[in-house]
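Asker: Here's the letter readout for the chains.
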Amino acid sequence: MKQLVILSGKGGTGKTSVAAAFAHLACEGPSPLRAVLADADVDAANLELVLHPQRLETHDFTGGSVAVIDPERCQGCEVCEQVCHFDAILPPSPQSGSAAGGEGYAVDPIACDGCAACVYQCPEQAIRMEPQIAGCWYHSESRFGMLFHANLYPAQENSGKLVTLVKQNARLCALDGDYPIIIVDGPPGIGCPVISAAAGASLALIVAEPTVAGIHDLERVLQTTIHFRIPALVVINKADIYPQGVVEIEAVCAELDVELIGQIPFDPTVTEAMLNGEPVTAYRAESPSSQALIAIWQIVSAWLVSPGEPHA
Amino acid sequence: MKIILTTTSPSIDSNLDSRFGRGVYFLVVDPDTLEWQAHPNPGAGAQGGAGTLAAQFVANQHAEAVISGDFGPNAYGALQAAGVAMYLFGASTTVREAIERFKAGQLERVGAPTGQGHPPRV
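These protein sequence lines map, in sequence, to chains S and R.
Residue numbering for the first sequence is 1 to 312, as defined by the numbering used here.
Residue numbering for the second sequence is 1001 to 1122, as defined by the numbering used here.
In isolation and in its complexed conformation, chain S is listed as follows:
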């Protein structure tokens, strides 16, 4: 079973548009390949907007822990407030007791970083760490196959852990159903959730954009895949908006010894398809962007079937 992860470095280059087209082409294209789909952009999941999934299962996601003060035990000694580096301890207000409504100190769960310094320092042992429900993950059935996706609640951290959970469940589903591939729509950037999304990938497809920021972030994401020894291929989206940028991307790929396998032209059909909640290849297969995506999918799917051979 192979894992394809779609990354970009910079946000907004077209990862989800490419992932949605691949989901459609894997399911209904000329050379079908049964795929399990995973949306690993849990901070802003949007693959479902074009896949219209029916949720089969919803599960809570337990993220990090925050401190909780037992008001019965708190003697109001201030030690927790003194040791907290995050200003997360709310003192009792003179009028109404603590901010939590009790007699003593309380913790602001948004400011709390979960370091547990107060837990160790409290002389009354009145503070404990409590795991927080930080989001949900879903197993859904979409029109192009099983989809695993998630929703991280506002201001919650640990998105890398949630990505790991989403991918692990996609992997188990693929193993159970003997699916040959998993298509993972990755998050932007190069941080923790991206590393989680890329971990264990057989291939990373990088969707680059010929803009100054796009080229800069392409280099960063390629350095990330090289560091983790994940084979990568590059495509350029909106390739005709800045020809000089294409030349620069070609140079970056040559320097890092990464294959550039295709260019998708700027095409208003992509936006139209998005507004209609469709992958562009399903919306208008003859459009220039769809034609480019079909050619790219053929190269990528051939690479997944027999890795390492030149296909471009």
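No lab work stands behind these hints, which were simulated from the structure alone.
Hints may contain errors.
Derived EDC-like pairs: lysine to aspartate or glutamate, alpha-carbon spacing no greater than 20 Å straight-line [what the hints assert, rightly or not]:
1) R:Lys1002 - R:Asp1032
2) R:Lys1103 - R:Asp1013
3) S:Lys2 - R:Glu1097
4) S:Lys2 - R:Asp1032
5) R:Lys1103 - R:Asp1030
6) S:Lys2 - S:Asp178
These numbers were taken from a predicted model, which means no experiment stands behind them.
Since chain S is already given, all that's left is putting chain R on it; use the hints.
Answerer: Showing chain R alone in chain S's frame:
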């Protein structure tokens, strides 16, 4: 004899996971009889200290060798102290392949951390 491999699913037919500290499962295997047991890696979802947690698990299993794709500095130090031999699975992709190569003496034994750690989260 007992060896441990990092794997992506809980089975002797699994693929290997290239990460030690954050690999998904530990497969404890007798390379001669191929009897096996899978355990979730306690480091996989840890907020920090994954390599050390995973190494602690391996040490508690009293395995003679551990096979993975990489050993970071914290995991390396802990496994070294516990006297567990570390091997890289190299070009192997499945558990069965790696065990065959291990038995044939074809796996590279690790004498230093194979990657850099990362700085603690600030």
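Asker: All hints are to be evaluated individually against the structure, with a verdict given for each.
Answerer: Structure-based check of all given hints:
| no. | hint | result |
| --- | --- | --- |
| 1 | R:Lys1002 - R:Asp1032 | holds (9 Å) |
| 2 | R:Lys1103 - R:Asp1013 | holds (17 Å) |
| 3 | S:Lys2 - R:Glu1097 | holds (17 Å) |
| 4 | S:Lys2 - R:Asp1032 | violated (29 Å) |
| 5 | R:Lys1103 - R:Asp1030 | holds (11 Å) |
| 6 | S:Lys2 - S:Asp178 | holds (11 Å) |
In summary, the one numbered hint that this structure violates is 4.
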